[in-house]
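Guided by the hints, dock chain B onto chain A, whose structure is given.
Number of protein chains: 2
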Amino acid sequence: MPEQRTRTADRTVFFVSDGTGITAETFGHSILSQFEGLQLRQLRLPFIDSLDKATEAVHRINRQGEIDGRRPIVFSTLVDTRINGIMQGADALFLDMIAGFVGPLEAEFGIKSTHTIGRFHAVAESERYKQRIEAIHFSMAHDDGQMHKELDQSDVILVGVSRSGKTPTSLYLAVQHGIKAANYPLIPEDFVRGKLPEVLYQYRAKLFGLTITPERLAEVRHERRPGSKYASLENCRMEVNEAEALMRREGIPWLSSTTKSIEEIAATVLTLLELE
Amino acid sequence: MPEQRTRTADRTVFFVSDGTGITAETFGHSILSQFEGLQLRQLRLPFIDSLDKATEAVHRINRQGEIDGRRPIVFSTLVDTRINGIMQGADALFLDMIAGFVGPLEAEFGIKSTHTIGRFHAVAESERYKQRIEAIHFSMAHDDGQMHKELDQSDVILVGVSRSGKTPTSLYLAVQHGIKAANYPLIPEDFVRGKLPEVLYQYRAKLFGLTITPERLAEVRHERRPGSKYASLENCRMEVNEAEALMRREGIPWLSSTTKSIEEIAATVLTLLELE
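Chain order of the listed sequences is A and B. Quick note, the first sequence lines up with residues 587 to 862 if you use my numbering. Quick note, the second sequence lines up with residues 587 to 862 if you use my numbering.
Simulated from the structure, these hints should not be mistaken for lab results. One thing to keep in mind: the hints can contain errors.
Copies of the same chain look alike in the list, so a pair counts if it fits in one copy or across any two.
Claimed, not checked - In silico lysine-lysine, BS3-like type, Cα no more than 30 Å apart, as pairs:
| no. | residue 1 | residue 2 |
| --- | --- | --- |
| 1 | K698 | K639 |
| 2 | K735 | K815 |
| 3 | K792 | K698 |
| 4 | K846 | K639 |
Chain A on its own, in the form it takes in the complex (with noise of 0.2 Å):
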C-alpha cells in the first residue's frame, strides 16, 4: 500500500460502499486490470451508510480530483437511492454497480428488491457464516497433518511436500469458501515406503494432490533454509518425482501451484467436491 501514496498516479479510483466495500474492489480491480499502463491509486470508502458520511465522501473524491488535476472514476456497491443520489453528485466518473443488474431481476422475479443497506451484518448471524469461522479454525489445527483427530470432518485433505502451497491453499478454502481443508505432508520416509502415510487411507476419497517444479521448490526453500540439503536442486527432484509417482499410482487427482494460482486451485477442488 505504500507505494500507492507515493508514486504518481494519472487516476484516482474510489470503492463506494455501505459496507466494507470488498465486493466494490474485488469487482472494480478485475474490471481495471482489462486496462494496461495506467498508473491508478486505489482507494476505498467503507461504511458510507447515512447522508452525512455520503456528503463528506463527495467532498473527499471532489478534492482528490482537484488535487490530481482529473476527475476520479467512483465504483459504487451503494443500494440505498438517497445515498445513491447525493454520491452521484460528485464530479467523477460514477459507475453504479447495482443499478443495472437490479432492474433486470426485478422484472425477472416478479418482485421488489429489498434496497436494504448493511445487508452484510445479517450475513455475520448466519450458519454459513458460522461454517466459515469453524472452517478456518479446522484448518489452522490441521494444518501439515499436525492433528488426526477430527479428520474425518475434513472436506479435503490437501497432499504434497513440504511448501508445495499446501497451507496457503487450505487456508484459502477455508477463508473464502468455509471449506473444511486439512492438509498433510508427503515426506522422505513415505517415499521409502513406497506408501502414503497410513492414516490417508480411510480417507482416500478426500485427497488432492499439490505439486510443483523442483526448481521452483528449491527456490522457495532457500529462501526459508539457504543451503541446506532440503532445499538442494537434487533434493527438491527426488521429492518431486516420488510425490508425483506415489499420487499417480494412488489415483489422487492433482495440480501443479506453479501455474496455478491458489485461487484457481481453489476453484477446482470446489468444483470436485460438488461432482461426488
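Positioned in the frame of chain A, the structure of chain B alone reads:
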C-alpha cells in the same frame, strides 16, 4: 453445498467466468442478497476459456432451465467477445458484468481495454501474489502468540481474550489482503499484572483489539470445552471486562466481533493502517 442440491430451488443462477468465477460469484451474491424469499440454486462454471467450453456451458444452462421449468440467471465476467457471444445464446437472463463498465472506462481513459482472458494467470507470478502467500505463512506462524520472532515484521497485531475472533480475522487479513497479521491472547495473568504481555509494548502502534460480549463468548467457549470454568459466564464476564479496561488504559483501538463480521473488522483495520 449439499443442501443446495437436495432442496427445491425456484431458480438456478450460474456464475460464468474465464477464470475462477470468484469475482462473478462474490458480486452476484451481493446483488442477489437484495432479493428475499427466493430459493436459488447457485452454480459456478469456471474456466470457460474456449469456444468448445462455452458451447458445453450453454447446453448445461439450457438443460437446467428445462429441469427447473424457468430460465436460469447467468452472471458473466467473460471478456472474450466470441466466447461471450456464444454464451449469450443460452436461454437465460444474461447479466454481463463487464460490458457495462468497460465501455465508459475506455471513453474516460481514452484507451482500449485488452479484452484479455485469464488475466488472473499473470497475477500468480506477481509481487502482490507472493506477498499474500508470505502473509498467510506469517499469520499462521504468529497465531495465538506462538512466536515472538519476526513480530516486528507484522503489519498488525490483534489482541483479545481467547476465542474473541482473533484467529479468523488474522487469517482473513492475510488471505484476502496480504496483510501480515499476528495475534496475541490476553490471558488472566495479564489481568492480574494489569499490563499487556511485555513483548507487545514495543509494537504498541500495531496493536488492534477485539472484544466480544461475555454471553456470546461463553457460548463459543462451551462448544469447545463444555462445562469448564474457562467457559463459564462468570469467568467470561471477568475476562472481557478486564481486557476492555486494559485496552482502554493502553489506548488500543478495538471492535467487537459480536456485532461485526471479520470482513467489517478487516475493513476497519485496513483503514487504520492506511491512516498511518
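Against the structure, the hints:
no.	hint	in the structure
1	K698 - K639	within (26 Å within a copy, 35 Å between copies)
2	K735 - K815	between (32 Å within a copy, 24 Å between copies)
3	K792 - K698	neither (42 Å within a copy, 45 Å between copies)
4	K846 - K639	between (41 Å within a copy, 19 Å between copies)
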